[in-house]
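A.B. asks: Below, each chain spelled out in residue letters.
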Amino acid sequence: MKYVTKAVVLDSESIDRSLTRIAHEILESTKGASTIGVVGILTRGARLASRLTERIEQIEGVKVPTGSLDISFYRDDVGVRLNPEVHRTEIPFQVQDRDIILVDDVLFTGRTIRAAMDAIMDYGRPKTIRLAVLVDRGHRELPIRADFVGKNVPSSSLEQVKVFLEEVDGRDAVEILGLAEGGQ
Amino acid sequence: MLSCKHITTVQDMTAEDIAKILDTAESFIEVSERTIKKLPTLRGRTIINLFLEPSTRTRTSFEIAAKRLSADAINMTGSASATVKGESLRDTAKTLSAMACDLVVVRHAYAGAAQILAECMDSHVVNGGDGKHQHPTQALLDLFTMRTHLGRLAGLKVGIIGDIAHSRVAGSLIPALRLMGASVVVVAPPTLMPSRPDVLGAEVSYSLDEVLPDLDVAYMLRIQSERSDRMPFPSLREYARFYGLNSARLASMKPEAIVMHPGPINRGVEISSAVADSPRAVILDQVTAGVAVRMAVMYLLLGGVDVESAS
Amino acid sequence: MLNLLLKGGRVVDPQVELDQVADVLIKDGLIAEVGVDLDTAGCEVLDCTGRVVVPGLVDLHVHLREPGREDLETIRTGARAAARGGFSAVCAMPNTVSPIDSGAKVRFIVERAAADAIVRVHPIGACTTGQKGESLAEIGDMLAEGAVAFSDDGRGVQSAGMTRRVMDYAKAFETTIISHCEDESLAASGVVNEGAVSTSMGLAGQPAIAEEVIVARDIMLAELTGCRLHLAHLSSAGSAELVRQAKARGIRVSAEVTPHHLFLDENAFAGRYDTYLKMNPPLRTANDREALVAALLDGTIDCVATDHAPHGLHEKEREFELAPFGITGLETAVPLVVTNLVATEKMSWSQFARALAIAPRAALGLVEVKMASGSDADITIIDPEAEVKVEADRFESKSVNSPFVGLTLKGRATEVIVGGRFALRSGEVVSL
Numbered sequence: 001m002k003y004v005t006k007a008v009v010l011d012s013e014s015i016d017r018s019l020t021r022i023a024h025e026i027l028e029s030t031k032g033a034s035t036i037g038v039v040g041i042l043t044r045g046a047r048l049a050s051r052l053t054e055r056i057e058q059i060e061g062v063k064v065p066t067g068s069l070d071i072s073f074y075r076d077d078v079g080v081r082l083n084p085e086v087h088r089t090e091i092p093f094q095v096q097d098r099d100i101i102l103v104d105d106v107l108f109t110g111r112t113i114r115a116a117m118d119a120i121m122d123y124g125r126p127k128t129i130r131l132a133v134l135v136d137r138g139h140r141e142l143p144i145r146a147d148f149v150g151k152n153v154p155s156s157s158l159e160q161v162k163v164f165l166e167e168v169d170g171r172d173a174v175e176i177l178g179l180a181e182g183g184q
Numbered sequence: 185m186l187s188c189k190h191i192t193t194v195q196d197m198t199a200e201d202i203a204k205i206l207d208t209a210e211s212f213i214e215v216s217e218r219t220i221k222k223l224p225t226l227r228g229r230t231i232i233n234l235f236l237e238p239s240t241r242t243r244t245s246f247e248i249a250a251k252r253l254s255a256d257a258i259n260m261t262g263s264a265s266a267t268v269k270g271e272s273l274r275d276t277a278k279t280l281s282a283m284a285c286d287l288v289v290v291r292h293a294y295a296g297a298a299q300i301l302a303e304c305m306d307s308h309v310v311n312g313g314d315g316k317h318q319h320p321t322q323a324l325l326d327l328f329t330m331r332t333h334l335g336r337l338a339g340l341k342v343g344i345i346g347d348i349a350h351s352r353v354a355g356s357l358i359p360a361l362r363l364m365g366a367s368v369v370v371v372a373p374p375t376l377m378p379s380r381p382d383v384l385g386a387e388v389s390y391s392l393d394e395v396l397p398d399l400d401v402a403y404m405l406r407i408q409s410e411r412s413d414r415m416p417f418p419s420l421r422e423y424a425r426f427y428g429l430n431s432a433r434l435a436s437m438k439p440e441a442i443v444m445h446p447g448p449i450n451r452g453v454e455i456s457s458a459v460a461d462s463p464r465a466v467i468l469d470q471v472t473a474g475v476a477v478r479m480a481v482m483y484l485l486l487g488g489v490d491v492e493s494a495s
Numbered sequence: 496m497l498n499l500l501l502k503g504g505r506v507v508d509p510q511v512e513l514d515q516v517a518d519v520l521i522k523d524g525l526i527a528e529v530g531v532d533l534d535t536a537g538c539e540v541l542d543c544t545g546r547v548v549v550p551g552l553v554d555l556h557v558h559l560r561e562p563g564r565e566d567l568e569t570i571r572t573g574a575r576a577a578a579r580g581g582f583s584a585v586c587a588m589p590n591t592v593s594p595i596d597s598g599a600k601v602r603f604i605v606e607r608a609a610a611d612a613i614v615r616v617h618p619i620g621a622c623t624t625g626q627k628g629e630s631l632a633e634i635g636d637m638l639a640e641g642a643v644a645f646s647d648d649g650r651g652v653q654s655a656g657m658t659r660r661v662m663d664y665a666k667a668f669e670t671t672i673i674s675h676c677e678d679e680s681l682a683a684s685g686v687v688n689e690g691a692v693s694t695s696m697g698l699a700g701q702p703a704i705a706e707e708v709i710v711a712r713d714i715m716l717a718e719l720t721g722c723r724l725h726l727a728h729l730s731s732a733g734s735a736e737l738v739r740q741a742k743a744r745g746i747r748v749s750a751e752v753t754p755h756h757l758f759l760d761e762n763a764f765a766g767r768y769d770t771y772l773k774m775n776p777p778l779r780t781a782n783d784r785e786a787l788v789a790a791l792l793d794g795t796i797d798c799v800a801t802d803h804a805p806h807g808l809h810e811k812e813r814e815f816e817l818a819p820f821g822i823t824g825l826e827t828a829v830p831l832v833v834t835n836l837v838a839t840e841k842m843s844w845s846q847f848a849r850a851l852a853i854a855p856r857a858a859l860g861l862v863e864v865k866m867a868s869g870s871d872a873d874i875t876i877i878d879p880e881a882e883v884k885v886e887a888d889r890f891e892s893k894s895v896n897s898p899f900v901g902l903t904l905k906g907r908a909t910e911v912i913v914g915g916r917f918a919l920r921s922g923e924v925v926s927l
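Protein chains in written order, with our numbering: chain A, 1 to 184; chain B, 185 to 495; chain C, 496 to 927.
With the rest of the complex left out, here is chain A (with noise of 0.2 Å):
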C-alpha cells in the first residue's frame, strides 16, 4: 500500500507554538515544575518530550527530570503482532509520587497510552500521570483522553496521521496520509 500526503495539518511554527502552550498548560495544572517527571514514549514521543522538557525549564528555570518508554513489552497484541525494534526504557529519577507528564506523538486507539501507564507503574507508583500529545485524531477504544493537545484532527480511519520531526525525519510536519489513487 502506498500513501501520499493529503493535507499538511501543522507545520514548523504551529508545533513550536504548541509545545509552547502545551509547556503554558502543564506548569499551571501543576503549580510549578518541581513535581514534574516527563516521560516520551519511544520514538517520536520521546523527543517531544525532551524539548517540551526545554520548555518547561525556560520558562520555570528549574530542571525538570526526563524520560523515554519503550512499550513493545506492555502491548496487549505481542502475540499477533511485535515491534520490529524495541530500545532501552531510560527512566532515571524516582517515579513514585511524581506528577508524571507522559507525552506521545498522536493519540489514536488509546491502547499505546494504556501499555504505557501499565510501564510506567511498574516503576513505582506516581501521584499523577496526565498525557500531552501533539495530536489527537479520534477513534478511541479504551476510555482515555489527554490532559494537553497540540491540535485536534478528525481523520477517516482509512487515513493515517503521520508526525515528522527533524530529530528523526529531518523535518517537522504533522500530515494526513491517504492511499495513493488506485492503490491498495
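The hints are simulated quantities; they were obtained by calculation from the structure and are not laboratory data. Just so it is clear, CB atoms sit at the ideal spot from N, CA and C, and this is done for glycine as well. Some hints could be false.
Claimed, not checked - Label-pair ranges, simulated between beta-carbon atoms:
| no. | chain 1 | residue 1 | chain 2 | residue 2 | range |
| --- | --- | --- | --- | --- | --- |
| 1 | B | Pro418 | C | Glu812 | 37 to 45 Å |
| 2 | C | Gly766 | B | Gly262 | 24 to 32 Å |
| 3 | C | Gly922 | B | Glu200 | 48 to 56 Å |
| 4 | A | Asp97 | B | Thr240 | 37 to 45 Å |
| 5 | C | Ala655 | B | Arg414 | 14 to 22 Å |
| 6 | C | Glu812 | B | Arg362 | 48 to 56 Å |
Unchecked claim - Here are the simulated BS3-like pairs of lysine-lysine, each with C-alpha atoms no more than 30 Å apart in a straight line:
| no. | chain 1 | residue 1 | chain 2 | residue 2 |
| --- | --- | --- | --- | --- |
| 7 | B | Lys278 | C | Lys666 |
| 8 | B | Lys189 | C | Lys811 |
| 9 | A | Lys127 | B | Lys222 |
| 10 | A | Lys6 | A | Lys127 |
| 11 | A | Lys63 | B | Lys221 |
Claimed, not checked - Here chain B is said to cover these stretches of chain C; the calculated rule only asks that three of the stretch's residues, wherever they fall, bring their Cβ under 8 Å from a Cβ of chain B:
| no. | segment |
| --- | --- |
| 12 | 628-639 |
| 13 | 812-822 |
With chain A fixed as given, assemble chains B and C onto it according to the hints.
C.D. replies: Same frame as chain A, now just chains B and C:
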C-alpha cells in the same frame, strides 16, 4: 520475530536474527535492574522447561526469564535413562504438545534431542543443551556479554580453551562467533580436540601461551574432574600448568581483553581464583545476560509478525 | 516335477565364460542343459526375453534374529525377504540373543530353515563361546551340524591371541573365519564416523582406524596360520588398500562390502539425526565410498553382502545415541547395485554375478553353482529395466528400517529358483 520457528542449533538463526536477539536483550537487561522485575508480555502463554539432564543453573535462568515475562513456566525434570526405560522422547513430546504448551525448552543428555522435539511438536522448541552437540542460548548470552564489554563482535579474536571435544558450549559458540564475523582459535591438548575443529570454523593451537597475547576474549571451559579411566591428560595439576588461566598468563593478554567461563568454574584447574575474581573476568555478567537473552528469545519466538507501531 | 525351460534370457556366468542369449533346461533340481533353441517339448516354458539369468545370488551376511527376536525377523520372513530380493541362499550370522555357539543351536537353525525357509539358509557359528572372545566355541561340532563358517560378528574378537587360537583351530577344518573388524578401544562409544559429521553433530566418532588395525591384524594372523579369512562389511579406503596388498602377497583373504557403504556416505546426514543412517561400521566419507566402489570393481573386494539387520520402529525412533546400529538390506541390494553400477555401465553383468553369486560361495567354500549341466539349479532371473519403488509396506521382511525407502530404483529379481523350485515367481514370493 525471527526467521526460524525453533532454536535447536545456532545454524537455525541468521546473523540478523542473532543481532535482533542481542538488541532486544538490551531492553531486558534494564528490566532486571528494576525493583519490579516483571513484564506482562507473555501473559497466558505456557513455557515448559523439559530438563532430562540435571542442570540447576540453566533451568533456573530459563525459569526466571519465563516468569519475568509473565509466562506460566513449568519445570519437568527427569533423567534420560528414565525415558529409555519408560516413555520415549517422542511420546513425551507428543504429550506436551497435546497439553497445548507454547514453547518447550529442552535439555537432554543426547545429541539431537531438540531436533526430535521440533519434529513432533507444534510448539516452539529451544535447545537448552543436547548432549555434546549444542547449547545455542549459551552462545547468545556469550555474544551479548562480549558485545557489551568490547563494543563489537566483528573482528574479535576469541580463544576457547579446554575440553573442546566434549563441549556443547564450544559447539554453539564457535559457529555463532563465525556468523557474527569474529575469529576463533580453540586451545587444548590434542586429546581434548574434536577430530575436525575446522568444520566448526575454528583454528587450532596446542599452546595457550602462544595465543593469549592476540586474544580479545579468553573463554575457559570447565574441565570435568570426575572422569576415571583413560583420562585425556595425566592430572589436573598438569592441565592447570599448561592450560589454566592464572595471573601471570592474564598479564600477557591485551589490557582490554576479558575472561569468560560458562560456569560452574573449577577454581585452580582451568582458572585460578585470582583471575576468576579479577575485574577482567565477566563471568557473572554472563549469568545476568543469560536471563535477558533468554527473555529475548522467548519474546521474539512467541511474538507475532513485525509491524510498524500503529499511531 | 515338470522340466522347466528358461527361454531366451541373457545367461551370464563367468565361471563358464558365458554371456549370451540362451535357454536353460532344468530337470530334477539340476541344470540339465544350457544352449540355444533347446527343445521345449515336455517342459514348462518361462519366457526370459530381456531378462538376465545368473547363478542364484548368495548374501553371506544377514541377521535373521531367530531364535530370540522373532518380533523383528524370523527364518521364515528373512528367507522370504531374501527370495524377494533375488537371493537363493543366505548365511545367517550367529549373534542372536543367545549366540549360535553349539552344534545343537546350529541344528535348530538347520531344521527350522528346512521347515520354514523358501531359500537356502546356511548357519554361521560363533568363534568363541557366547561370542565373548574368551574361549573357543565347539567349531567342529557346529561344522558337523551344518555351519558353513565362523564369526563373532557384531563385536569381533578383541584379543589378538584369541583370534590366533580361533584361526589355528579352524584351519584343520578347512573352514572360513569371518572377521568383524572393530577395535573397541579405538571405536569406543562412537556412533558415527569420526570426522566432520561427528564434530558438527556432537556425536562420539568411530575412527576408520578402529577397523583398519583389525583388518591388518587379521590379515597377518591369516598369513601366519594359513586359515581362510573373510572380512565382513569393509567401510574405509584404508581397509580396501590393506586387502589389496594382502591379495598381492597371496594371502587367502576375501572381503565384502555392503550396498550402504557403496552408495551412501556420511554426507547423507545433512545435520539430521536420522537413525536409519546409523550402522556399524558407520557411513564414512565420500572418498571412502568411492574407494570401496573402485575396490569392488577391480576385484579387491570380492562380494556384496547386505548385513541385513532388522530392528523395530520403536527402537530406531529413539535418540540417535541410543538407537541400535543397522539397517535391512535383502530387498534393496539388487536394485541398488543394478541402478548405481550396472545401469551406469561401471559393472558388467559378469562382475555382478561374481560379486553376488560366485565370490560369496567361494569365500565360504559353499557348493559351486554354474550355469552348466550338472550344477544345482539355483538361479536368479533379473529384469534389468523394471522400475522398483522402495516402499516400507511392500517389504517381506518384518522390519522396515531402511534408509532407501522412498527411492525409485531400476532392476529387480523376477524369479528365484532354488534346487529347481521357484522361490520367487513373477516378482512374488512363492508359498512353501
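A.B. asks: Each hint: holds or not?
C.D. replies: Against the structure, the hints come out as follows:
1. B/Pro418 x C/Glu812: 37 to 45 Å: At 42 Å between Cβs, range holds.
2. C/Gly766 x B/Gly262: 24 to 32 Å: With Cβ atoms ~27 Å apart, the hint holds.
3. C/Gly922 x B/Glu200: 48 to 56 Å: 54 Å, holds
4. A/Asp97 x B/Thr240: 37 to 45 Å: 40 Å, holds
5. C/Ala655 x B/Arg414: 14 to 22 Å: 20 Å, holds
6. C/Glu812 x B/Arg362: 48 to 56 Å: Given range 48 to 56 Å: violated, Cβ gap about 33 Å.
7. B/Lys278 x C/Lys666: 56 Å, violated
8. B/Lys189 x C/Lys811: 26 Å, holds
9. A/Lys127 x B/Lys222: Distance ~21 Å between A/Lys127 and B/Lys222 Cα, so the pair holds.
10. A/Lys6 x A/Lys127: Distance ~41 Å between A/Lys6 and A/Lys127 Cα, so the pair is violated.
11. A/Lys63 x B/Lys221: 29 Å, holds
12. 628-639: Contact hint for the segment 628-639 of chain C vs chain B: violated, 0 residues under 8 Å.
13. 812-822: holds (count 6)
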